[in-house]
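Going down the list, the sequences are from chains A and B. If you read the first sequence in the numbering used here, its first letter stands for residue 1, the second for the next number, and so on. If you read the second sequence in the numbering used here, its first letter stands for residue 1, the second for the next number, and so on.
These aren't lab readings, by the way, just hints derived from the structure by calculation. Hints are not guaranteed to be accurate.
[As the list claims (entries may be wrong)] Below 25 Å or equal to it, Euclidean Cα-Cα: the simulated DSS-like pairs (lysine-lysine) are:
| hint | chain 1 | residue 1 | chain 2 | residue 2 |
| --- | --- | --- | --- | --- |
| 1 | B | K147 | A | K5 |
| 2 | B | K12 | A | K4 |
| 3 | B | K18 | A | K4 |
| 4 | B | K83 | B | K148 |
| 5 | B | K86 | B | K148 |
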Amino acid sequence: MEIKKTISQIALGLAVIGFGAGASAFTTEKVATHNQATRFWYNDQATGQYIELDEAPDIEGSCRNSAPQSCVVQSDNTALPSNMPYTQATPANGVSSHPASNNAFYQQ
Amino acid sequence: MERLLKQRRQWKLTQPAKERIIFIISMLFVFLFSYTAIDKLRHVEQFSRGIGKIPIVGGMHGWIAWGVPLAELLTSALLIIPKSNKLGIQLATGLMSLFTLYLALMLAFAEKRMCHCGGVIESMGWVEHLLFNLVLTGLGLWALRLKKRKQ
């Protein structure tokens with residue numbers, strides 16, 4: 001009886017680990033996908049503008065890898081300028097934060 | 001007085017209830033650690049570089065990048081084996097306390113805050129994250145207390 005209980009607890013534990021692994025893979029996949037035509041801008045606090053990046057940023061660890069490119073925003077809107085004032089970086093213009101960026105970062 | 005004692009007795013958890021609570025808390029830690037550990041291992045290079053930017057641990061980032069997720073997986077393994085469950089809860093509570101301390105220090109002193117906690121946990125706000133960790137640390141301590149009383 002005790003052995004049966006032990007085995008069922010271990011089996012349940014392994015299932016939970018599998019569930020955790022699955023959830024991890026699912027959330028990573030969700031974050032990794034973006035449109036090829038998407039444009040990216042980084043926040044340049046010195047000029048008070050978002051500056052366009054040549055390619056998709058290698059954010060690494062969610063928007064905190066390199067200081068100049070912290071807080072990246074993105075948009076599919078081709079009409080937006082390369083040097084975008086903060087006032088234009090709005091959801092109405094189709095601008096959103098990069099999906100891998102950390103909400104916590106923006107609280108600074 | 002007698003009524004109070006009777007009431008207290010009614011609120012006392014039964015042995016099966018204690019076991020169930022300990023088991024649920026253990027499984028919660030197993031899910032959380034396996035989720036974040038696998039996320040860290042999938043992006044171990046990024047995780048390592050990210051840790052390298054933390055001034056205190058900079059030189060040891062390679063070891064920490066592998067050590068943290070492996071410690072989380074080891075803790076999960078200890079938690080699911082009934083014989084080592086107590087050690088697992090102790091380790092899980094210890095790890096959560098360390099992570100909480102790290103978050104609290106970041107929140108208090110760091111100009112540019114960094115969290116490489118893995119998966120959706122990273123998308124939490126700093127205060128939310130700290131509360132989340134404190135609740136889990138509290139649950140770990142509660143499970144240990146129940147375990148002690150059980151014995």
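Hint check:
| no. | hint | verdict |
| --- | --- | --- |
| 1 | B:K147 - A:K5 | holds, 18 Å |
| 2 | B:K12 - A:K4 | violated, 28 Å |
| 3 | B:K18 - A:K4 | holds, 20 Å |
| 4 | B:K83 - B:K148 | holds, 14 Å |
| 5 | B:K86 - B:K148 | holds, 9 Å |
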